[in-house]
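Novice: Please put together the full structure from these sequences, using the hints given.
The residues making up each chain are set out below.
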Amino acid sequence: MIEITMPKLGESVTEGTIENWLVKVGDHVNEYDAVCEVNTAKVTAEVPSVYDGVIREILINEGETVEVGTPIYKIEPDNAAVKEEVDEETDDSEINDVPSENKESDKASSDNNSSKRLSPVVMRMLSEHGLDANSIEGSGFEGRITKKDVEKFIASDNQQQTVNKTDSAPKETPHISTQETGVTAGEKIKVKGVRKEIAKRMVQSKTEIPHAWLMMEVDATNLVNLRNKHKAKFKETEGVNLTYFSYFVKIVSEVLKDFPLLNSSWDGDTITVHKDINLSIAVADEDQLFVPVIKNADDRSLKGIAKSINELATKARTKKLTGEDMAGGTFTVNNTGAFGSVQSMGIINQPQVAILQVESILKKPVFIDDMLAARHMVNLCLSIDHRVLDGLMAGNFLQTVKQRIENIDPDHSSVY
Amino acid sequence: MAKLSYLDAIKDALFTAMEQDDDVFVLGEDVGKKGGVFKVTEGLQEKFGEMRVLDTPLAESNIAGTAIGAAMVGKKPVAEIQFAEYILPAVNQILNEAAKIRYRSDNDWNAPLVIRAPFGGGIHGALYHSQSIESIFVSTPGLKVVVPSNPADAKGLLMAAIKDNDPVLYFEHKKAYRLLKGEVPEGEYIVPIGQANTVRSGDDITVITYGLCVNYAVQAAEQLSKDGYEAEILDLRTLYPLDKESIIKAASKTGKVLLVTEDNLEGSVMSEVSAIIGENCLYDLDAPITRLAGPDVPSMPYAPPMEDFFMMNPEKIYNKMLTLSEY
Chain A
1 MIEITMPKLG ESVTEGTIEN WLVKVGDHVN EYDAVCEVNT AKVTAEVPSV YDGVIREILI
61 NEGETVEVGT PIYKIEPDNA AVKEEVDEET DDSEINDVPS ENKESDKASS DNNSSKRLSP
121 VVMRMLSEHG LDANSIEGSG FEGRITKKDV EKFIASDNQQ QTVNKTDSAP KETPHISTQE
181 TGVTAGEKIK VKGVRKEIAK RMVQSKTEIP HAWLMMEVDA TNLVNLRNKH KAKFKETEGV
241 NLTYFSYFVK IVSEVLKDFP LLNSSWDGDT ITVHKDINLS IAVADEDQLF VPVIKNADDR
301 SLKGIAKSIN ELATKARTKK LTGEDMAGGT FTVNNTGAFG SVQSMGIINQ PQVAILQVES
361 ILKKPVFIDD MLAARHMVNL CLSIDHRVLD GLMAGNFLQT VKQRIENIDP DHSSVY
Chain B
1001 MAKLSYLDAI KDALFTAMEQ DDDVFVLGED VGKKGGVFKV TEGLQEKFGE MRVLDTPLAE
1061 SNIAGTAIGA AMVGKKPVAE IQFAEYILPA VNQILNEAAK IRYRSDNDWN APLVIRAPFG
1121 GGIHGALYHS QSIESIFVST PGLKVVVPSN PADAKGLLMA AIKDNDPVLY FEHKKAYRLL
1181 KGEVPEGEYI VPIGQANTVR SGDDITVITY GLCVNYAVQA AEQLSKDGYE AEILDLRTLY
1241 PLDKESIIKA ASKTGKVLLV TEDNLEGSVM SEVSAIIGEN CLYDLDAPIT RLAGPDVPSM
1301 PYAPPMEDFF MMNPEKIYNK MLTLSEY
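Sequence order for the protein chains is A and B.
Take the first sequence: its position 244, counted from the start at 1, is 244 in our numbering, and no numbers get skipped.
Each position in the second sequence, counted from 1, maps to that position plus 1000 in our numbering.
Do not take every clue at face value.
Stated by the list, open to error - Straight line, CA to CA, 27 Å or less: simulated DSSO-like cross-link-like pairs of lysine-lysine:
1) B:1249 / A:152
2) A:148 / B:1316
3) B:1320 / A:152
4) B:1249 / A:148
5) B:1320 / A:148
Unchecked claim - Some chain A residues well away from chain B (every beta-carbon gap over 12 Å; in silico):
6) 66
7) 150
8) 238
9) 313
10) 325
11) 364
Said to hold, decoys possible - If you want the footprint, here are the derived chain A segments under chain B, 3+ residues with CB under 8 Å:
12) 119-127
13) 133-147
No lab work stands behind these hints, which were simulated from the structure alone.
C-beta: ideal position from N, C-alpha, C; glycine also.
Specialist: So, in structure tokens, the structure goes:
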């Protein structure tokens, strides 16, 4: 039997959450068959089997997060060669002076097994008291947990609980349950996987980063005219939509060149200014939020950016984003206008230091040279990490973006 | 209260019952003039005369049949089968007639008889004088089967059996006759049939047994106590009908159950006790139900080492107890 460990699903990934088991104990799987879905920092990936064989034991429950390298299941390979290898190993260890390491690991695994074998009364008591067998030390044969072990544990646990209760009692007072407020509880949704990860990171960002906000109103009439002129042909020749968002991403990637501090990250003692301009774009899919990355956005033409956005959005909606697709972002552009928003305050995507929200383009009456004109106006909302950036630089950045947009010449600007 | 041997306690019960009730009479092989091969009925004939203490022919079927007939017309016979294994010729009378007469006659008739029989080994009796035959009778509704484990119970259960309105088989362990001594209440003393008895309290393991093995189990438990484990010991006292409530309670208390009998392992009354526990106590069990019994060989051997191998003793019980305690 071979133990399979939590794979490393990305460069800096140290842990993974089992989102779903796609197999049961006793199932036969072929090599490359998906065994489980693992979620790591916003990416969900299927873990393929390395062997043809039978799943013997599943060691980690769905929803549990474990470190890379932690055994997650055991498989009995039906490949004879693999078996032989294993057999040979044990034979060797018997013939030679038994290496103490081997012996210890043997013992550990058998201990582990017997602690998993619970007698009916122990199983009943554990479930009655909501206890985890792993937290109780067994004193029985080969470390088995006996009824008396559970009784002793409950006795000592009760003591601890009374202590804890007095400690935590005041903390619990502000907690208001839906029952207390008289709200009828509806569907209960278990928080797991991507949602849990989003929640964790949002709380981290919102509590750690001192956010500051700026908003600038931009006249996008030239942009609208330019797009209207090219969009039909662009769609026809390139196969993707020429969106406003592509323009904004393109312009931001260029302007960031002049404001490198906005394209940096905060590490506590150091601020790392990035050479690459990798723009994260937020893509929402029902209950999940993904932030795939357009790598080296400053290298790309408008067409290239439009295609990237289209490709990443499609991947997100079909759940095909990989860890690589989401890694390495240095600045985020968020298309909040897509759902009609005119003003918003984005939460910075750590360890980045700024996020730009592009709002809806709306036709508004505007004074130009004391004359009233109908113009396409758009709000750009910028959130900055005030540890790294100050209002002046952020304002200059936004001002530059604004000018670039307003100075578009609809007759002479190219879409390529 | 007098200190009596197990044997004298039985004799005391017979004397007391015969004094109390003129309908009580004793019959069996050599019970009269000889006073029984073990001297259980010694002095009985002198005191109560030949008409109430009858020597019978060597015909067990007759002894049982005579007792059944007398019981059906209102007498209270206490028949003795000289050795328990000799009861086999009388089994038809006991199972087909005595046990079923009340049911067959729709309550018009009953047979309030007692059949006493010394059973068990450890006395160099070999094949015909060492057997445990209780399992033959412990699955017949209409019969009651009792096995006392100490002098007081020996008296109390026999007096209860004589007073009972239906047939009772009373198996006395012949090795216990002179081995066990204890306080026995004077005069009328009744130990209710159908009630098991907790003879020792403990919370590590539960030992359920009966007869001479109770004494052995108590000795083993004292030894086990030195290892830091306390055994609960339940004496079944009545093998049929079993005191299910007490069995379930005792088994549930510790979740580790050892069932001890001198009988052969397979199909002994302990198999039934095990089934009761299995059916009722699954979620209280902390270890597999364990049986300790005689080996499945045809009979207790004569050669002393071989007899020891077969026979139950405190050491064997202690070893099993320890294994179970440490499980």
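Novice: Now, for every hint given, state plainly whether the structure supports it.
Specialist: Status of each hint after checking the structure:
Between the alpha carbons of residue 1249 of chain B and residue 152 of chain A the distance comes to roughly 21 Å, so the proposed pair stays at or under 27 Å and holds. Note on residue 148 of chain A and residue 1316 of chain B: the hinted pairing holds, with a Cα-Cα distance of about 25 Å set against a maximum of 27 Å. For the hint pairing residue 1320 of chain B with residue 152 of chain A, the CA-to-CA distance comes to about 24 Å; that is within 27 Å, so the pair holds. Distance restraint check for residue 1249 of chain B and residue 148 of chain A: the Cα-Cα separation of roughly 17 Å lies within the 27 Å cut-off, and the hinted pair is therefore satisfied.
In summary, the hint linking residue 1320 of chain B to residue 148 of chain A is supported, as the alpha carbons are separated by about 19 Å, within the 27 Å threshold. Chain B leaves residue 66 of chain A outside its interface by the beta-carbon criterion, the shortest separation being 31 Å against a cut-off of 12 Å. With a least CB separation of 9 Å from chain B, residue 150 of chain A falls inside the 12 Å interface cut-off, contrary to its annotation. For residue 238 of chain A, the condition that its CB be more than 12 Å from all CB atoms of chain B holds, with the nearest at approximately 69 Å.
The Cβ of residue 313 of chain A sits about 54 Å from the closest Cβ of chain B, beyond the 12 Å cut-off, so the non-interface label holds. Remark: the non-interface label on residue 325 of chain A is consistent with the geometry, its nearest Cβ contact in chain B lying 51 Å away (cut-off 12 Å). Listed as outside the interface, residue 364 of chain A is consistent with that label: its C-beta sits roughly 73 Å from the nearest C-beta of chain B, beyond the 12 Å cut-off. Given a C-beta distance limit of less than 8 Å, the hint that chain B covers the stretch 119-127 of chain A holds, as 6 residues qualify and 3 suffice.
Under the rule that three or more residues need a Cβ within less than 8 Å of chain B, the assignment of the stretch 133-147 of chain A holds, with 5 such residues.
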